[in-house]
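Participant: One-letter residues, chain by chain:
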Amino acid sequence: GAGVSQSPSNKVTEKGKDVELRCDPISGHTALYWYRQSLGQGLEFLIYFQGNSAPDKSGLPSDRFSAERTGGSVSTLTIQRTQQEDSAVYLCASSTQGVTNEKLFFGSGTQLSVL
Amino acid sequence: RKEVEQDPGPFNVPEGATVAFNCTYSNSASQSFFWYRQDCRKEPKLLMSVYSSGNEDGRFTAQLNRASQYISLLIRDSKLSDSATYLCVVNPSGGSYIPTFGRGTSLIVHP
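Residue numbers (the numbering used here), protein chains in the order written: chain A, 12 to 126; chain B, 30 to 140.
If you're looking for bench data, these hints aren't it; they were derived computationally from the structure.
On a predicted model such as this, the values are computed, not experimentally measured, just so you know.
Take these hints with a grain of salt, some might be off.
Below, simulated DSS-like cross-link-like pairs (lysine-lysine); rule was C-alpha separation at most 25 Å, straight line [claimed, not checked]:
#1 Lys22(A) <-> Lys108(B)
#2 Lys114(A) <-> Lys31(B)
#3 Lys31(B) <-> Lys74(B)
#4 Lys71(B) <-> Lys114(A)
#5 Lys31(B) <-> Lys68(A)
#6 Lys68(A) <-> Lys28(A)
#7 Lys108(B) <-> Lys74(B)
#8 Lys114(A) <-> Lys68(A)
#9 Lys74(B) <-> Lys68(A)
#10 Lys108(B) <-> Lys71(B)
#11 Lys74(B) <-> Lys114(A)
#12 Lys22(A) <-> Lys68(A)
#13 Lys22(A) <-> Lys74(B)
Whole structure, please, built from the sequences with the hints as guidance.
Facilitator: Given below as structure tokens:
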């Protein structure tokens, strides 16, 4: 596609439910990143994919968070047993190869609200 | 110490003013540096890369000081449309290129 696509754009869920967030990166981009941004805060790194593998999962805040990427393209971030503190904007970004001097292209994010 | 630190502001300036933001980073081995712009409720977008010799893009000038581990962004002749949050981004060296974002500096340009 022309840009990074994320869905849904908004998700309201009840505490304790599971949610899945989807990211479709720019075609041909091998590197994919998930960040989250709480209100008034900076971007917090969650996980990085290079192709289908995730060499860096260090940012996942707990074992309730997991992510996968299939076919070197679409990625899904899953949050199990959601908590109110999971409420944030979840941003996905991709870059061509994931090397140090590349810029990131962001999707418009998924606003997650846990009631 | 946070990896990337910025003054959150807000910087409130009149149209036409010149304004500068600084950003400090803790990892001396950091290799590449960027400024991103984020409008309210929007995703971040690249504003400009920061090169060792300094670089300019129209009204925007970026500088890197490796010795003191900071980067700067200078905006001349501020426009109302420059109102946004400016994010400093640092890429580490090594095999895993995870860009680290600062919390951002808020700029409000008023008439």
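Participant: Decide, hint by hint, whether the structure agrees.
Facilitator: Status of each hint after checking the structure:
1. Of the supplied pair hints, the one linking Lys22(A) and Lys108(B) is violated, its CA atoms being roughly 35 Å apart against a limit of 25 Å.
2. Straight-line distance between C-alpha atoms of Lys114(A) and Lys31(B) comes to about 22 Å, which keeps the hinted pair within the 25 Å bound.
3. Between Lys31(B) and Lys74(B), the direct Cα distance comes to roughly 23 Å. Compliance with the 25 Å bound is thereby established for this hinted pair.
4. Simply put, Lys71(B) and Lys114(A) have alpha-carbon atoms about 17 Å apart, close enough for the 25 Å limit, and the pair holds.
5. Using a Cα cut-off of 25 Å, the hinted pair Lys31(B) and Lys68(A) holds, with the two alpha carbons roughly 20 Å apart.
6. Distance check on the hinted pair: Lys68(A) and Lys28(A) sit about 23 Å apart at the alpha-carbon level, within 25 Å; holds.
7. As the CA atoms of Lys108(B) and Lys74(B) are separated by approximately 18 Å, the hinted pair is consistent with the 25 Å bound.
8. Our distance criterion of 25 Å between C-alpha atoms is met by Lys114(A) and Lys68(A), whose separation comes to about 20 Å.
9. For the hint pairing Lys74(B) with Lys68(A), the CA-to-CA distance comes to about 24 Å; that is within 25 Å, so the pair holds.
10. Proposed proximity of Lys108(B) and Lys71(B) is supported: the alpha carbons are some 19 Å apart, at most 25 Å.
11. Our distance criterion of 25 Å between C-alpha atoms is met by Lys74(B) and Lys114(A), whose separation comes to about 9 Å.
12. For the proposed pair Lys22(A) and Lys68(A), the alpha carbon gap of about 24 Å is at most 25 Å, so the pair holds.
13. About 23 Å separates the Cα atoms of Lys22(A) and Lys74(B), which keeps this hinted pair within 25 Å; it holds.
In the structure shown, a violation is registered for the earlier hint numbered 1 alone.
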